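These protein sequences, in sequence, are chains W and D.
Mapped onto my numbering, the consecutive letters of the first sequence carry residue numbers 1 to 1001.
Mapped onto my numbering, the consecutive letters of the second sequence carry residue numbers 1002 to 1094.
Please keep in mind that the hints were generated in silico from the structure rather than gathered at the bench.
Honestly, I wouldn't trust all of these hints.
[What the hints assert, rightly or not] Here are the simulated lysine to aspartate or glutamate pairs, DMTMM-like style, with alpha carbons at most 20 Å apart: (1) W/Lys-439 to D/Glu-1056; (2) D/Lys-1066 to W/Asp-993; (3) W/Lys-887 to D/Asp-1073; (4) W/Lys-282 to D/Glu-1034; (5) W/Lys-994 to W/Glu-978; (6) D/Lys-1030 to W/Asp-755; (7) W/Lys-742 to W/Glu-843; (8) W/Lys-286 to D/Glu-1034.
[As the list claims (entries may be wrong)] Which stretches of chain W does chain D cover? Using the computed rule of at least three CB atoms under 8 Å from a CB of chain D, they are: (9) 230-243; (10) 848-859; (11) 891-905.
Note that the structure is a prediction, hence the values are computed from the model and not measured.
Every residue gets a Cβ at the ideal spot worked out from N, C-alpha and C, and that includes glycine.
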Amino acid sequence: MTDNLRVKSSKFIDETYKISFKFNSKTYYGYKGDTLASALLANNIHLVGRSFKYHRPRGIMTAGSEEPNAIVQLHKDTSRTEPNVRATEIEIYEGLEASSQNCWPSVNFDLGGINNFLSPVLPAGFYYKTFMWPASFWEKYEYFIRKSAGLGKSPSEPDPDIYEHKYIHCDVLIIGAGISGIIAAKTSAKNGFKTLLVDEKPYLGGSTIYQNSEHFKINNQISSSWLEKEINEIKKIDNLEIKIRTSVAAFHGYNFLLARESLTDHLPLHQRDEKVRHRLLKIRAKKVISATGSLERPLIFDNNDRPGILLSSAIEKYSNFFGVACGQKNVLFTNNDSAYETAMSLFQKGINIKAIIDNREEVDSKLVKEIEKNNIKVYKGYTVVDTFGYKKINKISIMQLSKDGQKVIGSKISIDCDCLGMSGGWTPAVHLFTQSGGKLRFRDDDQVFIPGIYPSDQISIGSCNGDFTLDEILIGISKKLKDFLDIKKTDYENLEIQSHFNKTKRNIWLLPSNKIIGKTKPFVDYQNDATAKDIKLALREGFRSIEHVKRYTTTGMGTDQGKLGNMHALGIISETAGSKMGELGTTTFRPPYTPLTFGTIVGRNVGEYFDVFRKTPIHDWHVENKAKFENVGQWKRAWFYPRKNEGMHEAVQRESKAARDSAGILDASTLGKIDIQGTDASEFLNRVYTNAWSKLAIGKCRYGLMLNEDGMVYDDGVTTRLDENHYIMTTTTGGAATVLGKLEDYLQTEWPELDVYLTSVTDHYATISVCGPNSKKIISKVIPDIDLSDEKFPHMSFKNTKIGKVKCRVMRISFTGEQSYEINVQANYGRSVWERCMQAGKEFNITPYGTETMHLLRAEKGFIIVGQDTDATMTPIDLQMDWIVSKKKYDFIGKRSLYRSDTIREDRKQLIGLVTENPKEVLEEGAQIVEDASKSPVEMLGHVTSSYYSPNLEKSIALGVVKGGKNMMGQKLIIPMENKQINVTVTDPVFLDKENKRLNA
Amino acid sequence: MFLIHCPYCGEREQSEFKAGGEAHIVRPKQPTELSDDQWAEYLFMRKNIKGVQFERWVHTHGCRKWFNMVRDTSNDEIKAIYKMGEKPPTKYK
Ligand SMILES: [Zn+2]
């Protein structure tokens, strides 16, 4: 460690615990307690990355989550590697490996740096303006842009870590464990509220905990000592839960918050196995206290981005908390008293301060006087106009400000330095408050936005509420907490506070320069390389809304969401446009406050738990018999059962033929089943289906079509009358839940007078459908007691019966056009009944078939599948199903819409059949149908909805919808494909057995 | 995410509920008597208010009951909840 800048042992750093880590492949050492940033600074490394657009060398700027520059790629291996990790947040651990991002080939020699010299041709909106044309060039640009402009690399292997979600309900949530948060937590918990205190940092106490100045005292103790005692006390309170390393990502309405608790990121890799890495906390709090603190503002001047330029408060933290000097020749640049606090801290530690540049002309606070007393040169009424040093700052030049602060006057003074601290005052961290829907208020005195109107039961306290100094924070806190928590008394009624901080500030958003703005680079958004010049350009080009300027210049659109520079952007806009800051509004801060990993968001919902799926009671049999499955809604349905060497086509052809030639068996358990009971059940069905139901005899089944109120087909299925006031309705597999919901809606809201009860019984029954000419023989073997003669058990009827001792319902209904029986049995007997059918059907070559064969068979018969042959624009008339629409019924859902001027149009798309000129040619589902492809623009008449090769008809068949198709029987149409045209003829949609002879064959 | 007070179950997370559009649109008793325009008025026309809006909600993953809600769409404040068939609170009209 040649460049050790460790200045003084700090109680927050364990110097007995040395940790080695790698940065850009070189090994360094730090101590337990260090962040990667503090450890790098201790090794005198400032340069950590390159900027996004100009590839300018960039260094560590802050000591917290607002860091725009020091973002690194963590880990080497392809599954754990993580981009955009802020070096200021990651705690070092043995074996840590980090590297710079956004530089190629290396951070010290970066080809993209040439952009910096090209910057006159890279103004705001450059990417929009340039890469829009010519479009064909995009491919060429893209390669280089991606290579040189990306922010890090994403992992290429699955994430091996474990993540989880947890719900937390509490009375009071306190966000931020600085001095305000600690006071609030203790007060809340001691008054019996179930309290949760969270902080993103690995320690409690915020910035007060490393405040060692005699100038800030509480009850005559140095503020940090006082706070330490408070912290020790709150740790003993039972109903107070404290979570460190927990960053609140989102604050939604009704006090619902998401927070990420980081559990293993600070541990050596070998200690992380089997442990949860991140936990997403879903917090519902009765009351929320935001004590999120504030962020120091940078100052905007030419070349304010060089490595070695930090926020003044960061320099103070590195020295006080981490015991690291950021430089040996420090200069501070400020417009308020904060930098003098930093100066005092450095001075006490013996760290050299060369000068303080203060925008203010007259400053005589106690802090300033003390600095001057110690012979530190203070330039009052001056500003920095330029900085020098490519990979690290080595010199600044300063000039005097004019009285109005608009110009610089006099001559330049140069000052050598290796570190420059900036303080532009403070910005309350109101991000979470605004996320929750809170409205901000602009405070003119010191140009800050503070919480104005609260949208839920919450308050903001401390510096996030604009109370920046120790006395401001503490004087009102007791009353605020009493009012908010509705309590009588706190421990903080009469604190004795000593705070020597002068609040005057000279706010100049864009500091003047001796150069014209076009020749300067005053960065506003460091991460996205947006400068004040870009903002002014955007305004010149006519952008006015802050949201537009933001997108055009990309200000505030980086991973840090512009935490440092957004206020300056607003300030520059309002100054340039001559509008008032408070009236301009602010840009919206969106969740998450700091980036979340995808792992945290998905938690345990990965792999097979990504989405739940439903299995039928016969599922395992399908698996054992090598079925391929398809997803239908959440169901896994057997799709086809390939035998050796069979592909899907061969399997489906075989299954389809077997079902018509002898016997097929289908697991139809997924069909939705709704049990309908009540004295008004028949009337209810009359109202929800298009056809009439009152006269359906007990023991009979009927097919029904359900419409939406707009007349469009919504669902279909067979409903059976089990008894006088008892029906069982079947719905499509995918429609089961929504149909039930719709029926309940009508019952509860339109027809509450009807005596009807609906129960979903989909999961209660297994449904086995046996079809084909030999189906009757098979069923007679499975259920010998039942009379299967066509007289006693005709098509569209049902019987209650038993298989052994097990009750079952058998319906004689058909979706294939073959004679078929559907056995419904209590779900847990499903597999054994299925196997009995297989056993009984063995001599008839009973063939299990899946959904694909089912679709083919029904297409041969011209039966529609709702959702495949229909979308939400098809009426029953369009489907040529006029026969199912009752003319006699006074009303049913959708009836009135069937004769709206739009639904009676003759040229609506209507369902038709299609056969190809070449019977071997199978159409593609979704293919367009046209009449004349030669004249342009080609009029699209419709499209193919279902298409198969029918092994039973030995030709290609298809269903489609075509404008005015009903009246086009026999007409020739064209299906234009990529490199050919297919000639088709319009036919009736029923291809097989128009007379329905097979039903009773 | 809202906390919704189901009139039958009590306070529950929004994820248990579904919104069902504007409330108090009564299905015409005699649709066949209506002109196309009158039917279209019932079928298609819905308000989209910035401010206080009357809505239907259903406790899908709970009691499955429909109820009405008065909600300020500008800040998502739920002002009132009442059962189907009950009169809407007049003060928000
Ligand atoms: Zn409920």
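Inset, instruction - List in ascending order the numbers of the hints, as given earlier, that are violated by the structure. - result: Structure breaks hints 1, 2, 3, 4, 5, 7, 8, 9, 10.
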